[in-house]
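A.B. asks: Sequence:
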Amino acid sequence: MAIIGLGFDATDIPRVREVFARHGERFLRRVFTAEEIAYCTRHRDPVPSLAGRFAAKEAAMKALGTGHARGVLWKDIEVYRRSGPPQLRLSGGALRRFEAMRGVRSLLTITHAETLAMAQVLLLSE
3 MAIIGLGFDA
13 TDIPRVREVF
23 ARHGERFLRR
33 VFTAEEIAYC
43 TRHRDPVPSL
53 AGRFAAKEAA
63 MKALGTGHAR
73 GVLWKDIEVY
83 RRSGPPQLRL
93 SGGALRRFEA
103 MRGVRSLLTI
113 THAETLAMAQ
123 VLLLSE
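The opening residue of the sequence shown carries number 3 in the working numbering; numbering runs sequentially from there.
Hints in this document: simulated from the structure, not taken from any laboratory. Please read these numbers as outputs of a predicted model, since none were measured by experiment. Fair warning: there could be bad hints in the mix.
[Unchecked claim] For each label pair, taking beta carbons as the anchor points, the in silico distance ranges come out as:
1. H25 / A4: 17 to 27 Å
2. L8 / E37: 21 to 31 Å
3. E128 / H25: 34 to 44 Å
4. R91 / D47: 36 to 46 Å
5. S127 / G26: 14 to 24 Å
6. I5 / R44: 14 to 24 Å
7. P88 / H25: 37 to 47 Å
8. F29 / G94: 14 to 24 Å
9. M3 / F29: 31 to 41 Å
10. M3 / R28: 11 to 21 Å
Built from N, CA and C at the ideal position, the CB exists for glycine as well.
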């Protein structure tokens with residue numbers, strides 16, 4: 003397998019807390035899928051989980067080489083976890099870009115420090 007994309011992001015948890023407090027549901031619906039919202043809001047404090055998923059989406063956009071452009075929307079990148087490590091589910095513009103890159107696999111890691119949520123995405127081809 004060959005590495006075709008690598009992205010990293012560090013998201014400030016207090017900043018996400020501020021945006022969530024100010025915009026609430028509007029922020030959630032704009033950035034996260036229904037499954038992501040359900041997962042995060044099950045936690046006593048959903049903000050660290052939201053920040054981790056936000057960082058993962060940013061890292062994925064960087065790995066795809068699109069940033070916030072080229073038809074890739076926030077909800078085109080979903081972070082989910084059934085068991086084991088978190089994974090990415092791509093759709094829409096993100097999936098089209100991944101397929102154009104001849105991607106076959108994505109790897110995601112998310113970690114939290116006191117005030118930061120960090121994520122790294124690695125995209126692989128055959």
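A.B. asks: Now tell me, hint by hint, if it's right for this structure.
C.D. replies: Hints and how they fare:
1. A hinted range of 17 to 27 Å is violated for the C-beta pair H25 and A4, which are about 40 Å apart.
2. Checked against the hint of 21 to 31 Å, the C-beta distance between L8 and E37 comes to roughly 26 Å, which is consistent with it.
3. Take E128 and H25: their Cβ atoms lie about 42 Å apart, and the range 34 to 44 Å holds.
4. The supplied range of 36 to 46 Å is broken by R91 and D47, whose beta-carbon atoms lie about 25 Å from each other.
5. For S127 and G26, the hinted distance range of 14 to 24 Å is not satisfied, since their beta carbons lie about 40 Å from each other.
6. A hinted range of 14 to 24 Å is violated for the C-beta pair I5 and R44, which are about 34 Å apart.
7. About 24 Å separates the C-beta atoms of P88 and H25, a value inconsistent with the hinted range of 37 to 47 Å.
8. Separation of F29 from G94 is about 20 Å and conforms to the stated range, judged on CB atoms against 14 to 24 Å.
9. Between M3 and F29 the beta carbons are some 36 Å apart, a value that agrees with the proposed interval 31 to 41 Å.
10. M3 and R28 have their C-beta atoms about 40 Å apart, which leaves the hinted 11 to 21 Å range violated.
Of the hints listed earlier, those the structure fails to meet are numbers 1, 4, 5, 6, 7 and 10, in rising order.
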